[in-house]
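Chemist: Sequence:
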Amino acid sequence: MKNFLLISMAISLSGCLPTGWYNASVTQSRANGDLTNCQVRAVNDVPTNIQTQTTGGYFIGYIYIPTQGSVDVNTTLREKVVAQCMTKRGYQTIELPLCPARVAIPDMNRPVILTEKSCFKDISGGYYAIALK
23 MKNFLLISMA ISLSGCLPTG WYNASVTQSR ANGDLTNCQV RAVNDVPTNI QTQTTGGYFI
83 GYIYIPTQGS VDVNTTLREK VVAQCMTKRG YQTIELPLCP ARVAIPDMNR PVILTEKSCF
143 KDISGGYYAI ALK
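In the working numbering, each residue's number is its place in the sequence shown (first place is 1) plus 22.
Keep in mind the hints are simulated off the structure, nothing from the lab.
Given the structure is predicted, the values throughout are model-derived calculations rather than measurements.
Among the clues, some could well be false.
For lysine to aspartate or glutamate, the following EDC-like pairs were computed, each having C-alpha atoms within a straight-line distance of at most 20 Å [claimed, not checked]:
(1) Lys110 - Asp56
(2) Lys102 - Asp56
(3) Lys110 - Asp94
(4) Lys155 - Asp129
(5) Lys110 - Asp129
(6) Lys155 - Glu138
(7) Lys139 - Glu117
(8) Lys102 - Asp67
(9) Lys110 - Asp67
(10) Lys155 - Glu117
(11) Lys155 - Asp144
Please build the complete structure, drawing on both the sequences and the hints.
Modeler: Next up, the structure:
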């Protein structure tokens, strides 16, 4: 039972790690540029398609009030196009923990070698840098 709990905790915690793109032969600056290019391509290939969806609702007395919201139904397909583009450029997805706040932003003009001390450092605009704890 104890081993089952440890394995369950490890699996549940591994699902919480942020994912990013990694290619050992490119600089982090180029990796961020490649990601932006793939995202732009995906937006051009799979444009936004906002649709109104009704999900449940509630009653006030005898009156039913549905809950509605707008959603881009192409989001998942666009994410697949980005993944396909990055994979074609030689990247693979990796999961790393977030860096502690004290960790400095690394040199973005050097390729990165992953180690057990690697972590993601938030650098702004939705981009991460791979740093060392």
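Chemist: Next pair to validate is Lys102 with Asp56; report whether the Cα-Cα distance is within 20 Å.
Modeler: holds (15 Å)
Chemist: Checking one constraint from the list: CA of Lys110 to CA of Asp94, max 20 Å. Satisfied?
Modeler: violated (26 Å)
Chemist: Take a quick look at whether Lys155 and Asp129 sit within 20 Å of each other, Cα to Cα.
Modeler: holds (14 Å)
Chemist: Would the hint linking Lys102 and Asp67 be met if the CA-CA limit is 20 Å?
Modeler: holds (11 Å)
Chemist: Quickly compare the C-alpha distance for Lys155 and Glu138 to 20 Å and report which way the hint goes.
Modeler: holds (9 Å)
Chemist: Need the status of pair Lys155, Asp144: alpha-carbon distance at most 20 Å?
Modeler: Since the Cα atoms of Lys155 and Asp144 sit roughly 13 Å apart, the hinted pair holds (cutoff 20 Å).
Chemist: Given the hinted pair Lys139 and Glu117, is their alpha-carbon gap at most 20 Å?
Modeler: holds (13 Å)
Chemist: Sort out whether Asp67 lies within 20 Å of Lys110, counting only the CA atoms.
Modeler: holds (16 Å)
Chemist: Does the alpha-carbon distance linking Lys110 and Asp129 stay inside the 20 Å limit?
Modeler: violated (25 Å)
Chemist: Check the hint pairing Lys155 with Glu117 against an upper bound of 20 Å on the C-alpha distance.
Modeler: With Cα atoms ~15 Å apart, Lys155 and Glu117 stay inside 20 Å; holds.
Chemist: Keeping to a limit of 20 Å between CA atoms, is the pair of Lys110 and Asp56 held or broken?
Modeler: holds (11 Å)
Consistency with the previously given hints fails for numbers 3, 5, ordered from lowest to highest.
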